[in-house]
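Produce the complete structure using the sequences and hints provided.
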Amino acid sequence: MGEAISEITELNRLDLSGCSLNEEYADLLLGYGRTYSCPLQYEQLILEKNQLGARGIAAILPFMKSISTLKWLDLGETNLGVEGVRLLSEVLNHICIERLS
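Just so we're aligned, residue 4 is where the sequence shown starts under our numbering, counting upward by one.
Quick caveat, the hints were computed from the structure, so don't treat them as lab data. Each hint should be verified, as a subset may be incorrect.
Said to hold, decoys possible - Simulated pairs of lysine to any residue, SDA-like, Cα-Cα distance not exceeding 25 Å:
| id | residue 1 | residue 2 |
| --- | --- | --- |
| 1 | Lys-68 | Tyr-28 |
| 2 | Lys-74 | Arg-89 |
| 3 | Lys-68 | Val-94 |
| 4 | Lys-68 | Cys-22 |
| 5 | Lys-74 | Ala-57 |
| 6 | Lys-68 | Arg-16 |
| 7 | Lys-52 | Lys-74 |
| 8 | Lys-52 | Pro-65 |
| 9 | Lys-68 | Asn-25 |
| 10 | Lys-52 | Glu-26 |
| 11 | Lys-52 | Arg-102 |
| 12 | Lys-52 | Trp-75 |
| 13 | Lys-52 | Ser-20 |
| 14 | Lys-68 | His-97 |
| 15 | Lys-52 | Asn-96 |
| 16 | Lys-68 | Asn-96 |
| 17 | Lys-68 | Glu-86 |
| 18 | Lys-52 | Asp-30 |
| 19 | Lys-74 | Gln-44 |
| 20 | Lys-52 | Leu-31 |
| 21 | Lys-68 | Glu-51 |
As the list claims (entries may be wrong) - The calculated label-pair distances, taken between Cβ atoms and stated as ranges, are:
| id | residue 1 | residue 2 | range |
| --- | --- | --- | --- |
| 22 | Asn-15 | Val-85 | 26 to 36 Å |
| 23 | Glu-27 | Glu-80 | 15 to 25 Å |
| 24 | Leu-103 | Gly-21 | 24 to 34 Å |
| 25 | Lys-52 | Leu-31 | 13 to 23 Å |
| 26 | Asn-25 | Val-85 | 12 to 22 Å |
| 27 | Glu-93 | Thr-72 | 15 to 25 Å |
| 28 | Val-85 | Gln-44 | 28 to 38 Å |
Using N, Cα and C, we set each Cβ at its ideal position, and we do this for glycine too.
Structure representation (structure tokens):
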């Protein structure tokens, strides 16, 4: 599934809310080592109600950095902690998010 997601370059909404996505699964699905040949055109990334934590955010940073059109990011109830927020801020400095929750 991770490879399939990396090959879909245009997608309005990717909703992975409440699907037991933890740091290990985030890495397998969206994470480390994956290369994205062109900018992804995703508008909404919904990851709420998953236990990502800081390591999960670190795992998906390459994925998030490759999204050029992200407007809505939902990370509610993801147990980010201070380190996760710090890592996330590195990405958000380069993306114009309209809605962050």
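- Task: Verify the proposed pairing of Lys-52 with Trp-75, using a straight-line Cα cut of 25 Å.
- Result: holds (16 Å)
key: Straight-line alpha-carbon gap Lys-68 to Glu-86, limit 25 Å   = holds (18 Å)
Taking 15 to 25 Å as the hint, is the beta-carbon distance of Glu-93 and Thr-72 inside that range?
holds (19 Å)
Next pair to validate is Lys-52 with Ser-20; report whether the Cα-Cα distance is within 25 Å. Roughly 6 Å between the alpha carbons, so the hint for Lys-52 and Ser-20 holds.
task = Mind checking the alpha carbons of Lys-74 and Ala-57 for me, to see if they're no more than 25 Å apart?
result = holds (22 Å)
Keeping to a limit of 25 Å between CA atoms, is the pair of Lys-68 and His-97 held or broken? Holds, at about 8 Å.
Margin query: What's the verdict on Lys-52 and Arg-102, does the C-alpha distance respect the 25 Å limit or exceed it?
Written below: Satisfied, since the Cα-Cα distance of roughly 17 Å is no more than 25 Å.
Practice prompt. Using the beta carbons of Glu-27 and Glu-80, state whether their distance is inside 15 to 25 Å or not.
Written response: For Glu-27 and Glu-80 the Cβ distance comes to about 18 Å; the hint holds.
Are Asn-25 and Val-85 spaced within 12 to 22 Å by their CB atoms? Roughly 19 Å apart at Cβ, these two residues keep to the hinted range, so it holds.
query: Taking only the CA atoms, is the gap from Lys-68 to Asn-25 under or equal to 25 Å?
result: holds (19 Å)
Has the given pair, Lys-68 with Val-94, been kept, meaning a C-alpha gap of at most 25 Å? holds (6 Å)
| said: Against the 25 Å threshold, does the CA-CA distance of Lys-74 and Arg-89 hold or violate the hint? | reply: holds (20 Å)
In terms of the numbered hints stated before, the structure departs from hint 24 and from no other.
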